[in-house]
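Enquirer: If you read the sequences in order, they're chains A and B.
26 is the number of the first residue of the first sequence in my numbering; add one for each residue after it.
26 is the number of the first residue of the second sequence in my numbering; add one for each residue after it.
No lab work stands behind these hints, which were simulated from the structure alone.
What you are looking at is a predicted structure, and each value in this text was computed from that prediction instead of being measured.
Watch out, some of these pointers could steer you wrong.
If you anchor each label on the Cβ, the simulated ranges turn out as follows [claimed, not checked]:
1. A:G133 - B:K395: 28 to 36 Å
2. A:G133 - B:A268: 32 to 40 Å
3. B:G523 - A:P347: 42 to 50 Å
4. B:N411 - A:P664: 51 to 59 Å
5. A:A444 - B:E66: 27 to 35 Å
6. A:M378 - B:E557: 34 to 42 Å
7. A:K639 - B:P674: 14 to 22 Å
8. A:P347 - B:P664: 46 to 54 Å
9. B:A268 - A:E711: 44 to 52 Å
10. A:E650 - B:P352: 33 to 41 Å
11. B:K361 - A:E440: 52 to 60 Å
12. A:G453 - B:P352: 39 to 47 Å
Derived, one-sided and incomplete: chain B residues facing chain A with beta-carbon distance under 8 Å [stated by the list, open to error]:
13. L190
14. Y238
15. D302
16. Y385
17. G438
Here are the simulated DMTMM-like pairs of lysine to aspartate or glutamate, each with C-alpha atoms no more than 25 Å apart in a straight line [said to hold, decoys possible]:
18. A:K343 - B:D702
19. B:K349 - A:E650
20. A:K441 - B:E414
21. B:K343 - A:E710
22. A:K678 - A:E697
23. A:K202 - B:E440
24. B:K243 - B:D136
25. A:K135 - B:E178
26. A:K256 - A:D322
27. B:K501 - B:D322
28. A:K441 - B:E365
29. A:K639 - B:E451
30. B:K64 - A:E440
31. A:K639 - A:E544
32. A:K361 - B:E131
33. B:K117 - B:D165
34. B:K349 - A:D702
Glycine is no exception: its CB is placed at the ideal position from the N, C-alpha and C atoms.
Number of protein chains: 2
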Amino acid sequence: MDNNHLNGLLRPKSVAVVGASATPGKIGYTVIDNLLKGKYEGKIYPINPTATDILGLKVYPDIGAVPGTVDAAIITVPAKLVLEVAEECGKKGVKGLIVITSGFSEVGRKDLEDDLVKTANKYGTRVLGPNIVGTLSNSDHFNGSFAPGLPLEGKASLISQSGALLIALDAATYTRKVGFDKLVSIGNMSDVDFADIIEFLEEDDGTYCISLYIEGLKDGRRFIESARKAKKPVIALKAGVSAHGAAAAASHTGSLAGAAKVYGSAFKQAGVIQAADLNDLFNRTLALSLQPGMQGDNLLILTNGGGVGVLATDAAEKYGLPLKFAPAELQTEMKKHMPEFGSSKNPVDLTGMAGTEWYYDSVHYALTDKWVDGLVVLYCETAMTNPMEIAGAIKRADVEVGNGKPLCVSFVGGEKSDAAIAWLVENGIPAFNAPDLAVNAIAALREYAKIHQDGGTPRFIPNEKARKASLEVIAKARAEGRNALTEIEAKQVFNAYGLPVTVTSLAKSEDEAVKLAKEIGYPVVMKIVSPEILHKSDAGGVKVNVKDEAAVRDAFQTIMKNAKAYNADANIHGIAVQEMAPWGTEVILGSTSDPTFGPTIMFGLGGIFVEVLKDVTFRVTPVSEEHAAEMLDEIRGAPIIRGARGEAPRDRKALTRTIVAYANMILDLRDEVAESDANPVLVYEEGKGLKVVDARIILTKK
Amino acid sequence: MDNNHLNGLLRPKSVAVVGASATPGKIGYTVIDNLLKGKYEGKIYPINPTATDILGLKVYPDIGAVPGTVDAAIITVPAKLVLEVAEECGKKGVKGLIVITSGFSEVGRKDLEDDLVKTANKYGTRVLGPNIVGTLSNSDHFNGSFAPGLPLEGKASLISQSGALLIALDAATYTRKVGFDKLVSIGNMSDVDFADIIEFLEEDDGTYCISLYIEGLKDGRRFIESARKAKKPVIALKAGVSAHGAAAAASHTGSLAGAAKVYGSAFKQAGVIQAADLNDLFNRTLALSLQPGMQGDNLLILTNGGGVGVLATDAAEKYGLPLKFAPAELQTEMKKHMPEFGSSKNPVDLTGMAGTEWYYDSVHYALTDKWVDGLVVLYCETAMTNPMEIAGAIKRADVEVGNGKPLCVSFVGGEKSDAAIAWLVENGIPAFNAPDLAVNAIAALREYAKIHQDGGTPRFIPNEKARKASLEVIAKARAEGRNALTEIEAKQVFNAYGLPVTVTSLAKSEDEAVKLAKEIGYPVVMKIVSPEILHKSDAGGVKVNVKDEAAVRDAFQTIMKNAKAYNADANIHGIAVQEMAPWGTEVILGSTSDPTFGPTIMFGLGGIFVEVLKDVTFRVTPVSEEHAAEMLDEIRGAPIIRGARGEAPRDRKALTRTIVAYANMILDLRDEVAESDANPVLVYEEGKGLKVVDARIILTKK
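Isolated chain A (complex conformation) (with noise of 0.2 Å):
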């Protein structure tokens, strides 16, 4: 299942029809009419039992039949018999098939799907689909679908998990000036996934950028390590995010959606650049396939209009960028390029007087300038000025400098200015119409910047010591049938990977109790410890701040009393003695195991920050220190870790240490625990740590 076989099957030098046709209309007759209009220059197989000759290609009775070596078959015959061609094609040495043929898992048929991908791999053939437009390749003159021709010539490559939509996007490259040099439908996934194709198009020469449209992935986890192992800018448009969306998305692919938020966090640690809508798709792959990463925050924005300069002064915030004024010495600059009444701050307003010059100069000096890392230039169209002069300054102050600077563009105006926005995308610099979409768009750059200069891979450290006792601990209350460990026992792991639990010791007795209380030191809690009583409190099963032995006396048969009261069958191990924290912040750590993404790590505030606000963030576990930092300044309450309200700020690295071996337990408990929480976790001022003061554990079912 090497590179070598997406490369025959994404860029086959020789490719099969298999369900060739000569009759218009036919999805057989389209692809061959498509490969012969798109100029393809390797050898092209038309297969058909009973034709002879379509469209001048001499065609095959069956792929055995081809002479020479065949790198990839595009499959149209009908679902029912393609389990044979893959075969017969898996006898030839095929590399891959592309089977737009439908009628698989997206209509209930997982078991033709599994037996078709079954039975290719066996030959070690790829499979790309089933229910696929196809894949066209620019660089290869190659348009093997269905859909009407090869993309406008571009630096990205677009894979599609909607075959419409990468028809409907196949035309628009022209209309919209972004090109592409790939554009793959990935349909069914039953085999080829986004993880296989980020990684082929990483090592693809003609590919700059990578996009994609996607609904729901199968493997989530392996499309974090293939994106973030990507130098490439990858940027994705996730479809079904809102809760009637994904139920649409579901029944349409046949593919789980995961919940939004985890798919967000999930991006955000594979190192992918997330785009809100389709057009937002199209600009940031336009500026990601153009423009270098933008290395620093520093943005500038010369404008020849205050009001457009107000608008991106306003994106720049919405889009993580908030400008900064320019220094004295650049201000000094270009107030040379501009007449008294303009302004050198930040936007630097040009005035309405600006011309050809002007734009040149202070584009030239701009991106000269130490300070700048980025460049955003606006134009307003006037009578006096000619768009594309302007447009041909920037591109040669532009190329003058030539440092790596990345620049975006925006022209406001009629026909003069979309003329000149089309020459600049042209000539490698992205503009858009709308002085926002330009800043958006050097966002883009920003983040892809960012992404490679954050590092923070993380590491999954499995702990041999740790699994073993766990194991026994959870094969005890398996052995009990039961699927949850009790407080005692979920603490017994925790301590184990290295959480700082409170100290808990189960007391049988009264007089275990006194001992242990007085191990443990004054004051303490005790706590009920049964398998049928979840809801200790509203049991009577709790006691705080027992001070001394009367009192553990006192409390152990209160507890035992009220336990037997609350339900007479409860199975009860005993009394816990604990170690009674002092005071915190409450915090909240989880897991849960994402359908798509596996164990998957929750961090929030407690109180009403989780129970009212929902302000809770998620990582895919493992989690890097790095990844553990950024969760704790993500939510809403993340001032109160800083420490607000005159507090001291808490302990972050104690925190971002916990959440860290949190990720790594639960990853490596993964076919045993299904879910978990701490909470509360109390945590102290720096350098004073943390105390997970409850723990539980579900178990999976087995």
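Assemble chain B onto chain A, guided by the hints.
Expert: Chain B alone, transformed into the frame defined by chain A:
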């Protein structure tokens, strides 16, 4: 200053150009040229003391020499001559001056501007500008500006505070296919402002939608009033919403840009629909100028592609119109127009097989169905279908049903789709190149209908008695040279306006404190009252839960001692003895005098909500009960008021009534009160009201 004068200004039957020039390139030439090229049918009088003929028109030496009446004078002479011209125009009976000339308040010469307005208004002449591009009207073939030409004809009118943007957008109307009847450059708003022109356009036959580009309003309250009265849709793009952007806007237009949050609230109160950016302003304007309001929340989406359907579904949630599944009868009917693997839910997916007739049938039925309040039709270009024919089918079905339900369309594809989009727009159906844009457009139509369903016009009720009592309290404080009221004084004012404050009385002696405590009923709260001690708790000046006479005496002595230790020079009025309100949900009410909108009320939850999350919302006073109720719902902590975490719902009625009363109070006292707050206000469960526990009033500077 009646509407007749604005009619003369914006739709003149005769126009003088003061500063007319025979030299191409001069603004005084361009304006005449534009009037002629626009085929203006009224009289044109070039005014120039030396020329005799400009572009074939007879020139007059001064405006007094013009034989007939002159509705409007377009002024292009240098700033220093404008005052004299205004005087002459006034004497001539000119109704309005279109002052293109710059060099007024935008460069710090507000004095010149004030003189201009004073002079003009003396004769009843209105002033548009100065510092503008001019004003254009397709209905009148009137291009009274130096913008190159009249915009594409259409049903919206745009008022722009940026001249450069107006010129650029003028050209863009042709390429973006969004038509306008009038474009008005409003400049420095020395006299005629947004409110005036909104009132004018509300009566204007050629205008169906009023679009605004706003950098900063001068009189926010008048703006709210005129926009609220408008029955036509009013849509605004507010520039300068970021901190840095507001600074840029202020330097640019010379008007103060208010806080983005207050603008947002004011737009809501004014019934103004907001645009997110420049393209959004065009897109929403297109929808609002072509289609009726959407009278309910039931949005149906028709599509031929699952992908765009999912994207539209996401957009529906994003723009506040989350999809519901279509009712069974509607689904049954829809099933008739699609293959078996289509979906009839919502989005209704006709599948890629959908041709012209399926579209016709489905659109026809959907518009007829009584459940459907609005329809979005999506189309993904395919090889087998003809976009123009599909567009025709959509239009045909819409015309045949003709029941006034709004319809927006998205075609994703290449040239053919773009042509179909243009055709639809020309034929009155808003159409866009991406699914989210069509959904956003119909969401604007929903917002428009809601504004006119909501009603809720607030009434300001001056309260003579309360005002008199308050002014006495205030006068006393002012007489003592104070600009802040004490808690007791502030509560007297609050109480006069019917706000439920905790009973609080001033005790000057220990015995008096004992007597007051007995009257109020134990337990009580005791607090130091001194204008010099604002942070009462820090000074040890507060005792709560004072339970009996002995405790009162003890507290009195302790507080006095602490206060003297804290500030030996403090002027101590005595000690406030106060009813101890039972615990309730903490909320905060406050007010500020916004520079744009005047007295403005703030509401939020107490504690971390206000301190950490800044979770507050604003309304410009007066406030209706409906708007007060909206305030409760739009904070993030809204669930707390509704009764989160198993608690009973809080007393909403008491809270809305209190907000209305508070707003009324600060409006009635607007000349005296600069800032105020009620913090905390304790809100009890339904039917049990609330209590203002602490109060603060800061007086205006006099």
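Enquirer: If a hint holds in the structure, say so; if it does not, say that too.
Expert: So, going through the hints one by one against the coordinates:
1. A:G133 - B:K395: 28 to 36 Å: holds (34 Å)
2. A:G133 - B:A268: 32 to 40 Å: At 54 Å between Cβs, range violated.
3. B:G523 - A:P347: 42 to 50 Å: Holds - the Cβ-Cβ distance for G523 (chain B) and P347 (chain A), about 44 Å, lies within 42 to 50 Å.
4. B:N411 - A:P664: 51 to 59 Å: holds (57 Å)
5. A:A444 - B:E66: 27 to 35 Å: holds (33 Å)
6. A:M378 - B:E557: 34 to 42 Å: violated (57 Å)
7. A:K639 - B:P674: 14 to 22 Å: Holds - the Cβ-Cβ distance for K639 (chain A) and P674 (chain B), about 19 Å, lies within 14 to 22 Å.
8. A:P347 - B:P664: 46 to 54 Å: This hint is violated: roughly 31 Å between Cβ atoms.
9. B:A268 - A:E711: 44 to 52 Å: violated (30 Å)
10. A:E650 - B:P352: 33 to 41 Å: Roughly 52 Å apart at Cβ, these two residues miss the hinted range, so it is violated.
11. B:K361 - A:E440: 52 to 60 Å: violated (45 Å)
12. A:G453 - B:P352: 39 to 47 Å: At 53 Å between Cβs, range violated.
13. L190: holds (4 Å)
14. Y238: Where the cut-off is 8 Å and the nearest Cβ of chain A is about 7 Å from Y238 (chain B), the hint holds.
15. D302: holds (4 Å)
16. Y385: violated (20 Å)
17. G438: Holds. Min distance 5 Å.
18. A:K343 - B:D702: violated (31 Å)
19. B:K349 - A:E650: Given that 25 Å is the threshold and the Cα spacing comes to 42 Å, the pair is violated.
20. A:K441 - B:E414: violated (31 Å)
21. B:K343 - A:E710: violated (39 Å)
22. A:K678 - A:E697: Violated, at roughly 29 Å.
23. A:K202 - B:E440: holds (12 Å)
24. B:K243 - B:D136: holds (16 Å)
25. A:K135 - B:E178: violated (55 Å)
26. A:K256 - A:D322: holds (21 Å)
27. B:K501 - B:D322: violated (55 Å)
28. A:K441 - B:E365: Cα-Cα ~49 Å, so violated.
29. A:K639 - B:E451: violated (46 Å)
30. B:K64 - A:E440: holds (22 Å)
31. A:K639 - A:E544: Between K639 (chain A) and E544 (chain A) the Cα gap is close to 39 Å, so the pair fails against 25 Å, i.e. violated.
32. A:K361 - B:E131: Holds, at roughly 21 Å.
33. B:K117 - B:D165: Holds - the C-alpha atoms of D165 (chain B) and K117 (chain B) are around 23 Å apart, at most 25 Å.
34. B:K349 - A:D702: violated (34 Å)
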